[in-house]
Amino acid sequence: MFRIARKKVLNFNTVEYDIEAPLVAGRCRGGQFVILRVDENGERVPFTIADYDRAAGTVTIIVQTIGASTYKLSLKNEGECIADFVGPLGNPTDLNEYENVVLVGGGIGSAVIYPQTAELKSAGKKVTVIVGAKTKELIIHEDDFRARADELFLMTDDGSYGEKGFVTDALKKLLDRGGYDCVFAVGPLPMMRAVCKLTENYGVKTVVSMNSIMVDGTGMCGGCRLTVGGKTKYACVDGPEFDGHLVDFDEAINRSKIYREQEAEHYCRVTGERK
Amino acid sequence: MNDERKNPVVRDASVRSRDFEEVCLGFDAETAKAEAARCLNCKNAPCRKGCPVGVNIPLFISLVKRGDNAGAKRAILADSNLPSICGRVCPQESQCEKLCVRGIKGEPIAIGQLERFAADNARIPLEKAPPSGRRVAVVGSGPAGLTCAGDLAKAGVEVTVYEAFHKPGGVLVYGIPEFRLPKELVKREISSLEGLGVKFVTDAVVGKTLGVEELYESYDAVFIGTGAGLPMFMGIPGENLNGVFSANEYLTRVNLMKAYLDSSDTPVYRAKKAVVVGAGNVAMDAARTALRMGAEVTVVYRRSRAEMPARAEEIVHAGEEGITFRLLSNPVRINGENGFVKSVTCVEMELGEPDASGRRSPVVKENSEFTLECDMLVMALGTSPNPLLTSSFKKLELGRKGVIVASEETAETSVKGIYAGGDAVTGSATVIKAMGQGKLAARSILKSFENA
Numbered sequence: 002m003f004r005i006a007r008k009k010v011l012n013f014n015t016v017e018y019d020i021e022a023p024l025v026a027g028r029c030r031g032g033q034f035v036i037l038r039v040d041e042n043g044e045r046v047p048f049t050i051a052d053y054d055r056a057a058g059t060v061t062i063i064v065q066t067i068g069a070s071t072y073k074l075s076l077k078n079e080g081e082c083i084a085d086f087v088g089p090l091g092n093p094t095d096l097n098e099y100e101n102v103v104l105v106g107g108g109i110g111s112a113v114i115y116p117q118t119a120e121l122k123s124a125g126k127k128v129t130v131i132v133g134a135k136t137k138e139l140i141i142h143e144d145d146f147r148a149r150a151d152e153l154f155l156m157t158d159d160g161s162y163g164e165k166g167f168v169t170d171a172l173k174k175l176l177d178r179g180g181y182d183c184v185f186a187v188g189p190l191p192m193m194r195a196v197c198k199l200t201e202n203y204g205v206k207t208v209v210s211m212n213s214i215m216v217d218g219t220g221m222c223g224g225c226r227l228t229v230g231g232k233t234k235y236a237c238v239d240g241p242e243f244d245g246h247l248v249d250f251d252e253a254i255n256r257s258k259i260y261r262e263q264e265a266e267h268y269c270r271v272t273g274e275r276k
Numbered sequence: 042m043n044d045e046r047k048n049p050v051v052r053d054a055s056v057r058s059r060d061f062e063e064v065c066l067g068f069d070a071e072t073a074k075a076e077a078a079r080c081l082n083c084k085n086a087p088c089r090k091g092c093p094v095g096v097n098i099p100l101f102i103s104l105v106k107r108g109d110n111a112g113a114k115r116a117i118l119a120d121s122n123l124p125s126i127c128g129r130v131c132p133q134e135s136q137c138e139k140l141c142v143r144g145i146k147g148e149p150i151a152i153g154q155l156e157r158f159a160a161d162n163a164r165i166p167l168e169k170a171p172p173s174g175r176r177v178a179v180v181g182s183g184p185a186g187l188t189c190a191g192d193l194a195k196a197g198v199e200v201t202v203y204e205a206f207h208k209p210g211g212v213l214v215y216g217i218p219e220f221r222l223p224k225e226l227v228k229r230e231i232s233s234l235e236g237l238g239v240k241f242v243t244d245a246v247v248g249k250t251l252g253v254e255e256l257y258e259s260y261d262a263v264f265i266g267t268g269a270g271l272p273m274f275m276g277i278p279g280e281n282l283n284g285v286f287s288a289n290e291y292l293t294r295v296n297l298m299k300a301y302l303d304s305s306d307t308p309v310y311r312a313k314k315a316v317v318v319g320a321g322n323v324a325m326d327a328a329r330t331a332l333r334m335g336a337e338v339t340v341v342y343r344r345s346r347a348e349m350p351a352r353a354e355e356i357v358h359a360g361e362e363g364i365t366f367r368l369l370s371n372p373v374r375i376n377g378e379n380g381f382v383k384s385v386t387c388v389e390m391e392l393g394e395p396d397a398s399g400r401r402s403p404v405v406k407e408n409s410e411f412t413l414e415c416d417m418l419v420m421a422l423g424t425s426p427n428p429l430l431t432s433s434f435k436k437l438e439l440g441r442k443g444v445i446v447a448s449e450e451t452a453e454t455s456v457k458g459i460y461a462g463g464d465a466v467t468g469s470a471t472v473i474k475a476m477g478q479g480k481l482a483a484r485s486i487l488k489s490f491e492n493a
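So the sequence lines, in the order shown, correspond to chains E and U. Numbering-wise (the numbering used here), the first sequence opens with residue 2 and increments by one. Numbering-wise (the numbering used here), the second sequence opens with residue 42 and increments by one.
Simulated from the structure, these hints should not be mistaken for laboratory data. Note that the structure is a prediction, hence the values are computed from the model and not measured. Using N, Cα and C, we set each Cβ at its ideal position, and we do this for glycine too. Heads up, some of the hints might be wrong.
Claimed, not checked - Distance ranges between label pairs, derived from CB positions:
| hint | chain 1 | residue 1 | chain 2 | residue 2 | range |
| --- | --- | --- | --- | --- | --- |
| 1 | E | Asp251 | U | Pro428 | 23 to 33 Å |
| 2 | U | Lys435 | E | Lys198 | 35 to 45 Å |
| 3 | E | Arg4 | U | Gly174 | 28 to 38 Å |
| 4 | U | Asp303 | E | Lys77 | 16 to 26 Å |
| 5 | U | Gly95 | E | Asp244 | 45 to 55 Å |
| 6 | U | Val446 | E | Arg4 | 33 to 43 Å |
| 7 | E | Asp244 | U | Asp53 | 51 to 61 Å |
| 8 | U | Phe274 | E | Asp182 | 33 to 43 Å |
| 9 | E | Glu79 | U | Leu167 | 38 to 48 Å |
| 10 | E | Arg55 | U | Ser432 | 19 to 29 Å |
| 11 | U | Glu258 | E | Arg4 | 22 to 32 Å |
| 12 | U | Glu255 | E | Lys173 | 44 to 54 Å |
| 13 | E | Asn202 | U | Ser432 | 33 to 43 Å |
Pulled out of the complex, with its shape left as it was, chain E reads as follows:
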């Protein structure tokens, strides 16, 4: 059992948790992920590590309530336990070779780019951050980014905060300005695809983080397979980060929809809602 040391509601459907998992906290690095199960009947769901505290032995994850498992998790309170929490899985992010990076976070993807922002900054690199969300209240960690990024651009789809538009609108302006040697993009698949299409025109290396459907996270099920540069790769052991210009996003988007119908049905059963 793994205790929830801290729970913070970030907005109406996003919650941040610090989970007590000393072994994971002791070894994890930015870009890696964990798999958790809420309870004995729970499914195994992967979450990217948003932060960690080695001294306290806690690992931070940010969870958007979108299905049955995340709904069940959202009902758990501080001090309560979840059944399983395993990691750190996948490979850590490695942006060391780049000097001037643009980090792009869409939705809760901005939680994933935060550890990189901090890491690059402490390595003395120049860091530019673009955070996008549907609307103002879905923007997370604004203060943290403000404190660390050299430049921060906030984009909302509805213009309720920052600038109205998509992350790609802000990114295009930066790329036109030039000087960047890497873009690191994390967010919904269509967003990452759009970012990669854009950066391809500028010839700027782009790294994306793939959050595929998986069971074990150790290479055993093959459920997370995707095509990268014409070859089949496993997001869990070969990734989760890949050269975005080589990823077959259309296939990845298709594969992300495999259980959509069943998940909707199960969510209704768990929440008692009718379809």
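For this one, chain E is given, so just place chain U on it according to the hints.
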């Protein structure tokens, strides 16, 4: 004396194919005694030579004949740790029963069924030696790890087993379905090990959560029994369509995650028409699982019936349950619609010259393409060892396909004090073989402690 081989009680195919309860219910006491009475108690016991761990088969059968099930179980336990499990999943027809003298002119003794009967019908409390002060880490809780842990614990060693999944048992819980191996049995084996003081640490991926070096430093010896968990695919067009799964994924969702129950949060694909590629035990398990999940199932295999590697009983049961076999056929491409699998195109094969494995290798027949409609395709083509642990600890010498090299005499790897066994060493093999290697490693570890 009725001389025919006795058949166990098997649930009716039309009933069992709709649920996940055990297919074969085994012998009752009377039938077991009658079957045991068929044993000739051969002095040279050829059957024992067919058993990878050398169980004293004539002895345990003679005890079953006398009605001494506890004695019979004790006789088996001298060489084997998981008799209830082996009685159910061993390929007896190609091991002990293959060499049975009664099989020359008639039917061999039902050794597997008798083993299961004795094991299921007696409880033997495991005895434990006083603490030796030694500590051993076991990585992986499948058949090899459980066996090694058990033998060490009985000798007074303090054992900790590390398991990557949330539940111990390895392939016994994620791979082999409930209808062939009730999970209650696996649970019983694990709790008896806990009774011996074995500690299980789940959610621990060695190589990620913990390093092999750490275990090596903090324990007196390490046993690696991480299995062969990487699924193989064919590399044909359409394999990444939705609805194409590795048998590992499909079976794990159903068995370990219990996706067949309404209470489980894990989704599973509910196919109407499923095609399973392969003919090993895993293929039979996947096919019969898909059937129980409501699909019409076809098994496609590139060789003929004689080469099918699955246990004979599973193939017979699958046939009785209504699974169609398209033998001498091989998929060449998978066709989709809107991103989901719609059909699979195959070619017919014929058998040519024997290959390195001694099996006649299949050759494509010209102009023989045909298409099977399906909304799910499960690849059960075998597995290879997972490089996750070995890539994090480079000192271990590796062999072909990334298997860990371990001595056949001692199970010790290229690193002193680190032992390995099971599929991680052999590539995909059987439960009993893995168990045998777990036993060998435990013996070697204990010997190394004596000599130290």
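Here is how each hint holds up against the structure:
Judged by the Cβ atoms, the range 23 to 33 Å given for Asp251/E and Pro428/U holds: they are separated by roughly 29 Å. With their beta carbons about 39 Å apart, Lys435/U and Lys198/E fall inside the hinted range of 35 to 45 Å. Against the hinted window of 28 to 38 Å, the Cβ-Cβ separation of Arg4/E and Gly174/U comes to about 33 Å, which satisfies the hint. The beta-carbon spacing between Asp303/U and Lys77/E, approximately 22 Å, falls within the hinted interval of 16 to 26 Å.
Roughly 53 Å separates the CB atoms of Gly95/U and Asp244/E, a value that falls within the hinted 45 to 55 Å. Between Val446/U and Arg4/E the beta carbon distance is about 42 Å. The supplied range of 33 to 43 Å therefore holds. One distance hint, 51 to 61 Å for the beta-carbon pair Asp244/E and Asp53/U, holds here, with the actual separation near 56 Å. The supplied range of 33 to 43 Å is met by Phe274/U and Asp182/E, whose beta-carbon atoms lie about 36 Å from each other.
Taken as a hint, the range 38 to 48 Å holds for the pair Glu79/E and Leu167/U, whose Cβ atoms sit roughly 42 Å apart. Distance hint check for Arg55/E and Ser432/U: the Cβ-Cβ separation is about 24 Å, which falls inside the suggested range of 19 to 29 Å. Between Glu258/U and Arg4/E the Cβ separation comes to about 28 Å, which falls inside the hinted range of 22 to 32 Å. A hinted range of 44 to 54 Å holds for the C-beta pair Glu255/U and Lys173/E, which are about 48 Å apart.
At roughly 36 Å, the beta carbons of Asn202/E and Ser432/U sit within the given window of 33 to 43 Å.
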